[in-house]
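S.K.: To convert, count from 1 in the sequence shown and add 9; that's this note's numbering.
Just to be clear, a hint being listed does not mean it is correct.
[Unchecked claim] DSBU-like, lysine-lysine: derived pairs with alpha carbons at most 30 Å apart: (1) K17 <-> K93; (2) K45 <-> K82; (3) K93 <-> K130; (4) K45 <-> K61; (5) K67 <-> K37; (6) K67 <-> K32; (7) K148 <-> K178; (8) K67 <-> K101; (9) K15 <-> K37; (10) K101 <-> K32; (11) K153 <-> K101; (12) K17 <-> K51; (13) K93 <-> K153; (14) K154 <-> K176; (15) K67 <-> K28; (16) K130 <-> K32; (17) K148 <-> K101; (18) K67 <-> K51; (19) K67 <-> K17.
[Stated by the list, open to error] The following label-pair restraints were derived from C-beta to C-beta distances: (20) I98 <-> D174: 18 to 24 Å; (21) S135 <-> P13: 31 to 37 Å; (22) K157 <-> T53: 41 to 47 Å; (23) D159 <-> Q85: 19 to 25 Å; (24) I62 <-> E149: 21 to 27 Å.
The set of hints was computed from the structure by calculation and includes no laboratory data.
All C-beta atoms in this analysis are idealised placements derived from N, C-alpha and C, irrespective of residue type, glycine included.
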Amino acid sequence: MTSPRKQKTRTALLEAGSKMFWKYGIRKVTVEDICKEAGVSKMTFYRFYENKIILAEKLLTEIYESALQDYNKIMQSEIPFPEKIRQTILLKHQGTLDVSDEFLDDVYRGDEPSLMGLIEKYSEISKNTIREDFAKAQKEGWIKKELKIDFLMYMMDSIGERMFDEKLKAMFDDSHDMLMELTTFFFYGMGTSDNTLTK
10 MTSPRKQKTR TALLEAGSKM FWKYGIRKVT VEDICKEAGV SKMTFYRFYE NKIILAEKLL
70 TEIYESALQD YNKIMQSEIP FPEKIRQTIL LKHQGTLDVS DEFLDDVYRG DEPSLMGLIE
130 KYSEISKNTI REDFAKAQKE GWIKKELKID FLMYMMDSIG ERMFDEKLKA MFDDSHDMLM
190 ELTTFFFYGM GTSDNTLTK
């Protein structure tokens, strides 16, 4: 059983890591930076984590798991599909407010094998979940019946690729605004004329 003192230190390291990584990215942040922010020694850090990448993996896993739980809670609720989409977009908005371009680049365009594997794992889980929800919404008449679910999934992937389009990024103040615009454009452009996703 973890002692209160150890749990307090672990929490301090996680909070410091998230603050530093979110602001400066993973590559630029050192173990020393995290220790200074957390108010602990390097020796203490290495008692909990082998290196900063392991800490980043822990943080990303918590983020992905929390996001999936929140998403599933929305989709399983007894509210109309348009409201589910609105809440999903709001969820994405809240989850990306404090994330820097450096962090996004390090996570999605970096070459760290363990982080790449983690992203692939949760991307696959997310895609399968969304595919099922799209298929259900289509049966209920919220999504045009002539649209192929595979096409929608492909277009969602293309949105992810656009995140690193320098020409597109230049149109927005930051990556958060661009991501929200892409997400809103995608979701609110697939409703039927009789059962539109917009209210």
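S.K.: So, for every hint listed, does it hold in this structure?
M.R.: Here is how each hint holds up against the structure:
no., hint, result
1, K17 <-> K93, "violated, 36 Å"
2, K45 <-> K82, "violated, 37 Å"
3, K93 <-> K130, "holds, 24 Å"
4, K45 <-> K61, "holds, 14 Å"
5, K67 <-> K37, "holds, 18 Å"
6, K67 <-> K32, "holds, 17 Å"
7, K148 <-> K178, "violated, 36 Å"
8, K67 <-> K101, "holds, 20 Å"
9, K15 <-> K37, "holds, 27 Å"
10, K101 <-> K32, "holds, 18 Å"
11, K153 <-> K101, "holds, 24 Å"
12, K17 <-> K51, "holds, 16 Å"
13, K93 <-> K153, "holds, 17 Å"
14, K154 <-> K176, "violated, 34 Å"
15, K67 <-> K28, "holds, 14 Å"
16, K130 <-> K32, "holds, 25 Å"
17, K148 <-> K101, "holds, 25 Å"
18, K67 <-> K51, "holds, 18 Å"
19, K67 <-> K17, "holds, 16 Å"
20, I98 <-> D174: 18 to 24 Å, "holds, 20 Å"
21, S135 <-> P13: 31 to 37 Å, "holds, 35 Å"
22, K157 <-> T53: 41 to 47 Å, "violated, 53 Å"
23, D159 <-> Q85: 19 to 25 Å, "holds, 24 Å"
24, I62 <-> E149: 21 to 27 Å, "violated, 43 Å"
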